[in-house]
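Full structure from sequences and hints, please.
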Amino acid sequence: MGASKERLRADLASALRAKDEVAKTTIRSLLAAISNEEVAGDTPRALSDAEEIKVITKEQRKRRDSAQTYADAGRQELADHENVEAEFIAAYLPQPLTADELQAMVDAEVQAVRDAGETPSMKQMGAIVKAVNARAAGRADGGTVAGMVKKALGA
Numbered sequence: 001m002g003a004s005k006e007r008l009r010a011d012l013a014s015a016l017r018a019k020d021e022v023a024k025t026t027i028r029s030l031l032a033a034i035s036n037e038e039v040a041g042d043t044p045r046a047l048s049d050a051e052e053i054k055v056i057t058k059e060q061r062k063r064r065d066s067a068q069t070y071a072d073a074g075r076q077e078l079a080d081h082e083n084v085e086a087e088f089i090a091a092y093l094p095q096p097l098t099a100d101e102l103q104a105m106v107d108a109e110v111q112a113v114r115d116a117g118e119t120p121s122m123k124q125m126g127a128i129v130k131a132v133n134a135r136a137a138g139r140a141d142g143g144t145v146a147g148m149v150k151k152a153l154g155a
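Position 15 of the sequence shown, counted from 1, bears residue number 15 in the UniProt record's numbering, the numbering being contiguous throughout.
The set of hints was computed from the structure by calculation and includes no laboratory data.
C-beta: ideal position from N, C-alpha, C; glycine also.
Any given hint might turn out to be false.
Claimed, not checked - For each label pair, taking beta carbons as the anchor points, the in silico distance ranges come out as:
| no. | residue 1 | residue 2 | range |
| --- | --- | --- | --- |
| 1 | Lys19 | Ala91 | 40 to 48 Å |
| 2 | Ala32 | Thr98 | 27 to 35 Å |
| 3 | Thr25 | Thr144 | 27 to 35 Å |
Unchecked claim - 30 Å max Cα-Cα, derived DSS-like pairs, lysine-lysine:
| no. | residue 1 | residue 2 |
| --- | --- | --- |
| 4 | Lys58 | Lys151 |
| 5 | Lys151 | Lys123 |
| 6 | Lys62 | Lys24 |
| 7 | Lys130 | Lys150 |
| 8 | Lys130 | Lys5 |
| 9 | Lys130 | Lys58 |
| 10 | Lys62 | Lys19 |
| 11 | Lys19 | Lys54 |
| 12 | Lys19 | Lys58 |
| 13 | Lys5 | Lys19 |
| 14 | Lys151 | Lys62 |
| 15 | Lys150 | Lys58 |
| 16 | Lys58 | Lys5 |
| 17 | Lys123 | Lys54 |
| 18 | Lys150 | Lys123 |
| 19 | Lys130 | Lys62 |
| 20 | Lys130 | Lys151 |
| 21 | Lys54 | Lys24 |
| 22 | Lys54 | Lys5 |
| 23 | Lys62 | Lys5 |
| 24 | Lys19 | Lys123 |
| 25 | Lys54 | Lys130 |
| 26 | Lys54 | Lys150 |
| 27 | Lys58 | Lys24 |
| 28 | Lys24 | Lys123 |
| 29 | Lys24 | Lys130 |
| 30 | Lys24 | Lys5 |
This is the structure:
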């Protein structure tokens, strides 16, 4: 069991004692998402800490997307609830990288392509994005990384 799952279980017990409905339902949904990911595929397996963070990030993104959809439909009370849950989930995620830190990683990976004797081009974009995402370890949004890499490659 990863550290995130252990922390979620401990926090669920605290939320139950405190009768905190938002915390209770949000933590239960996160634990369910992690459990679903553990049993997905051919054989059940325990998730690593990085995989748990990825699941929690995905759940936060779902909340933000739902909040936007509700706001667009004029259902502000539902949008507010989703935003509260998304903010609550943020406490379980590592501190995101700043734009400057992320740009430094992108620049380093583009330079690594140059050092390998190749001219950086859109052909290497996938490999560069993958390398930056691996270095960022869940602390950066994939779309943001892809946009920065594309800009760095001059596309």
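For each hint, the structure was consulted:
no.	hint	verdict
1	Lys19 with Ala91: 40 to 48 Å	violated, 19 Å
2	Ala32 with Thr98: 27 to 35 Å	holds, 32 Å
3	Thr25 with Thr144: 27 to 35 Å	holds, 29 Å
4	Lys58 with Lys151	holds, 25 Å
5	Lys151 with Lys123	holds, 14 Å
6	Lys62 with Lys24	holds, 18 Å
7	Lys130 with Lys150	holds, 13 Å
8	Lys130 with Lys5	holds, 26 Å
9	Lys130 with Lys58	holds, 18 Å
10	Lys62 with Lys19	holds, 25 Å
11	Lys19 with Lys54	holds, 28 Å
12	Lys19 with Lys58	holds, 26 Å
13	Lys5 with Lys19	holds, 20 Å
14	Lys151 with Lys62	holds, 27 Å
15	Lys150 with Lys58	holds, 23 Å
16	Lys58 with Lys5	holds, 15 Å
17	Lys123 with Lys54	holds, 26 Å
18	Lys150 with Lys123	holds, 11 Å
19	Lys130 with Lys62	holds, 22 Å
20	Lys130 with Lys151	holds, 16 Å
21	Lys54 with Lys24	holds, 21 Å
22	Lys54 with Lys5	holds, 12 Å
23	Lys62 with Lys5	holds, 19 Å
24	Lys19 with Lys123	violated, 53 Å
25	Lys54 with Lys130	holds, 15 Å
26	Lys54 with Lys150	holds, 23 Å
27	Lys58 with Lys24	holds, 19 Å
28	Lys24 with Lys123	violated, 46 Å
29	Lys24 with Lys130	violated, 35 Å
30	Lys24 with Lys5	holds, 14 Å
In terms of the numbered hints stated before, the structure departs from hints 1, 24, 28, 29, listed from lowest to highest.
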